[in-house]
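**Q** With these hints in hand, go ahead and build the complete structure from the sequences.
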Amino acid sequence: MAARIVNEFTKGFWKEIAPLRFALGICPALAVSTKVESALGMGFAVVFVLCMSNVLVSAVRNIVPDKVRIAVFISIIATGVVIVELVMQAYFYPLFLVLGIWIPLIVVNCVVLGRAEAFARKNPVLLSLSDGLGMGLGFTLSLVVISSIREILGDGTWLGMMVLPEAYPGFGFLLRPPGAFVIFGLVLGIMNVISARLENKTA
Amino acid sequence: MQEYLLMIVAAMFINNIVLIRFMGNCPVVGVTSSVDSALGMGAAVVFVTTMAGTTCWIIQKTILEVLGIEYLQTLVFILVIATLVQFVEILMQKVAPPLYRALGIFLPLITTNCMVFGVSVLNIKEEHSFMETLVFSMASAVGFAIVLLFMAGLRERMDSAGRVPKLLQGVPITLITAGMMGLSFAGLMGLD
Chain Y
1 MAARIVNEFT
11 KGFWKEIAPL
21 RFALGICPAL
31 AVSTKVESAL
41 GMGFAVVFVL
51 CMSNVLVSAV
61 RNIVPDKVRI
71 AVFISIIATG
81 VVIVELVMQA
91 YFYPLFLVLG
101 IWIPLIVVNC
111 VVLGRAEAFA
121 RKNPVLLSLS
131 DGLGMGLGFT
141 LSLVVISSIR
151 EILGDGTWLG
161 MMVLPEAYPG
171 FGFLLRPPGA
181 FVIFGLVLGI
191 MNVISARLEN
201 KTA
Chain U
1 MQEYLLMIVA
11 AMFINNIVLI
21 RFMGNCPVVG
31 VTSSVDSALG
41 MGAAVVFVTT
51 MAGTTCWIIQ
61 KTILEVLGIE
71 YLQTLVFILV
81 IATLVQFVEI
91 LMQKVAPPLY
101 RALGIFLPLI
111 TTNCMVFGVS
121 VLNIKEEHSF
131 METLVFSMAS
141 AVGFAIVLLF
151 MAGLRERMDS
161 AGRVPKLLQG
171 VPITLITAGM
181 MGLSFAGLMG
191 LD
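Residue numbers (the numbering used here), protein chains in the order written: chain Y, 1 to 203; chain U, 1 to 192.
If you're looking for bench data, these hints aren't it; they were derived computationally from the structure. Bear in mind the structure is a predicted one, so any value in this text is a computation, not a measurement. C-beta atoms are modelled at their ideal positions from N, C-alpha and C, and glycine is treated no differently. It is possible that part of the hints are untrue.
Reference excerpt, derived from the structure (chain U facing chain Y, CB under 10 Å, subset only) [stated by the list, open to error]: (1) MET23; (2) GLY24; (3) CYS26; (4) ALA43; (5) LEU79; (6) ILE81; (7) LEU84; (8) GLN86; (9) VAL88; (10) PHE117; (11) LEU122; (12) LEU167; (13) LEU168; (14) ILE176; (15) THR177; (16) LEU183.
For lysine-lysine, the following DSBU-like pairs were computed, each having C-alpha atoms within a straight-line distance of at most 30 Å [unchecked claim]: (17) U:LYS166 - Y:LYS11; (18) Y:LYS201 - Y:LYS15; (19) U:LYS166 - Y:LYS15; (20) Y:LYS67 - U:LYS94; (21) U:LYS166 - Y:LYS201; (22) U:LYS125 - U:LYS61; (23) Y:LYS67 - Y:LYS122; (24) Y:LYS11 - Y:LYS122; (25) Y:LYS201 - Y:LYS67; (26) Y:LYS11 - Y:LYS201.
**A** Pasting the structure below:
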């Protein structure tokens with residue numbers, strides 16, 4: 001049992017890392033990855049919503065009829081999102097302004113509904129919690145990787161600190177929307193290279 | 001009149017919902033392998049987004065704001081959209097079976113298309129009037145359909161040319177293409 005919980009947790013980081021492996025939840029990953037700070041904020045909001053929805057969906061999995069399950073899942077997820085929205089507005093107002101419309105849009109993040117449908121509705125509460133935590137942190141990790149590349153190369157900073165020499169002119173293209181698409185595509189390509197290498201080694 | 005025209009151009013191209021506002025990327029990456037299905041999906045999205053945008057606007061103004069419960073916006077809007085999609089599906093099946101056969105399979109996918117929900121929220125956030133809501137929703141959705149269609153055409157050609165490096169095939173090359181497309185759309189900036 002313990003081994004399974006650990007396994008469900010760790011699969012979210014490489015083997016089934018949602019945005020990079022399945023192209024799920026790429027809209028927020030593209031939109032809020034201009035700065036590492038906003039990527040982290042978005043990531044943790046998704047971790048919270050994902051854990052909550054996974055636990056609740058798994059808790060009611062035996063009493064919800066199959067036909068109305070999507071409506072029930074969406075209501076559960078939307079409730080979680082409203083909580084995040086209100087808490088962020090009250091305690092993390094600057095972050096709330098930066099993320100803007102992307103906080104309510106967590107409702108339609110395919111990762112959240114995808115895990116409810118593919119995992120939580122078939123598995124017990126504890127496993128679902130560890131799956132949600134792993135998937136959520138994996139999502140955060142992908143956002144941090146992409147935003148790090150964009151912030152370091154685009155602005156010369158990381159989490160607001162200067163990391164490149166003062167004279168670095170910056171590469172504004174990466175901070176603009178088209179840059180997000182190109183960086184995301186290249187990261188996916190690099191991941192394919194690494195996966196192919198790893199498979200060759202084990203084979 | 002000119003104001004609406006500018007709004008249409010801005011929503012369709014300059015602030016394209018997919019390439020600049022990053023909404024509705026999943027279908028662009030997932031469904032765009034053939035021009036036919038892109039056309040079907042695009043038409044269904046234009047229809048649903050326009051309906052959802054105006055319905056949500058009416059509900060926001062007549063119910064949520066009157067009762068002072070705007071904080072329930074997220075919850076209410078997503079339920080409205082989910083119900084609306086179901087309703088459209090049933091209605092279409094009864095009233096226009098040929099249309100249903102063409103668009104039906106795309107309808108369930110639209111509930112989780114973040115564009116429909118995003119446009120509904122944007123309408124409220126940017127304080128559009130009812131007419132502006134109608135125009136903005138439709139123009140944004142048409143912008144989405146255009147990108148979907150372009151992407152499908154490009155991908156069909158790329159697949160048949162077979163020159164894409166193995167490691168970039170599929171999703172990576174689609175995203176990079178979207179970036180290039182975004183650059184050319186950004187060339188229209190300043191028109192508004």
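**Q** Each hint should be assessed against the structure and marked as holding or not.
**A** The hints, checked one at a time:
For the restraint placing MET23 of chain U at the interface with chain Y, the shortest Cβ-Cβ distance is roughly 6 Å, inside the 10 Å limit, so the hint holds. The criterion of a C-beta within 10 Å of any C-beta in chain Y is met by GLY24 of chain U, whose closest approach is roughly 7 Å, and the hint holds. Proximity of CYS26 of chain U to chain Y holds as hinted, the smallest CB-CB distance being about 6 Å (cut-off 10 Å). The restraint placing ALA43 of chain U at the interface with chain Y is violated, with a minimum CB-CB distance near 20 Å, outside the 10 Å limit.
About 7 Å separates the beta-carbon of LEU79 of chain U from the nearest beta-carbon of chain Y, less than 10 Å, and the hint is met. Checking ILE81 of chain U against chain Y by beta carbon gives a least distance of about 9 Å; that is within 10 Å, so the hint holds. Among the interface hints, the one on LEU84 of chain U is violated; its C-beta lies about 13 Å from the nearest C-beta in chain Y, farther than the 10 Å criterion. The beta carbon of GLN86 of chain U comes within 9 Å of a beta carbon in chain Y, closer than 10 Å, and the hint placing it at the interface holds.
Look at VAL88 of chain U: its Cβ only gets to about 16 Å from chain Y, farther than 10 Å, so that hint breaks. A hinted interface residue such as PHE117 of chain U counts as satisfied when its beta carbon comes closer than 10 Å to some beta carbon of chain Y; here the least separation is about 5 Å, so the hint holds. For the restraint placing LEU122 of chain U at the interface with chain Y, the shortest Cβ-Cβ distance is roughly 7 Å, inside the 10 Å limit, so the hint holds. This hint holds: LEU167 of chain U has a C-beta 4 Å from the nearest C-beta of chain Y, less than the 10 Å allowed.
Hint status for LEU168 of chain U relative to chain Y: holds, with the closest Cβ pair at about 5 Å, below 10 Å. Hint on ILE176 of chain U holds. Least Cβ distance to chain Y is approximately 4 Å, under the 10 Å limit. The interface hint given for THR177 of chain U is met, as the beta carbon of that residue sits about 8 Å from the closest beta carbon of chain Y, less than 10 Å. At about 5 Å, the closest approach between the beta carbon of LEU183 of chain U and any beta carbon in chain Y falls short of 10 Å, and the interface hint on this residue holds.
A threshold of 30 Å between alpha carbons decides the hint, and for LYS166 of chain U with LYS11 of chain Y the separation of about 25 Å falls inside it, so the pair holds. The suggested pairing of LYS201 of chain Y with LYS15 of chain Y holds, with an alpha-carbon distance near 16 Å, which does not exceed 30 Å. In summary, the hint linking LYS166 of chain U to LYS15 of chain Y is supported, as the alpha carbons are separated by about 20 Å, within the 30 Å threshold. Between LYS67 of chain Y and LYS94 of chain U, the direct Cα distance comes to roughly 21 Å. Compliance with the 30 Å bound is thereby established for this hinted pair.
Distance restraint check for LYS166 of chain U and LYS201 of chain Y: the Cα-Cα separation of roughly 19 Å lies within the 30 Å cut-off, and the hinted pair is therefore satisfied. Taken as a hint, the LYS125 of chain U and LYS61 of chain U pair is honoured in the structure, with Cα atoms around 13 Å apart against an allowance of 30 Å. For the suggested pair LYS67 of chain Y and LYS122 of chain Y, the alpha carbons sit about 15 Å apart, so the restraint of at most 30 Å is met. For the hint linking LYS11 of chain Y to LYS122 of chain Y, the alpha-carbon distance of about 17 Å falls within 30 Å, and the restraint holds.
Annotation: proposed proximity of LYS201 of chain Y to LYS67 of chain Y is violated, straight-line Cα distance about 46 Å (limit 30 Å). Restraint check for LYS11 of chain Y and LYS201 of chain Y: satisfied, since their Cα atoms lie roughly 20 Å apart, inside the 30 Å limit.
Comparing the model with each numbered hint stated earlier shows that hints 4, 7, 9 and 25 do not hold.
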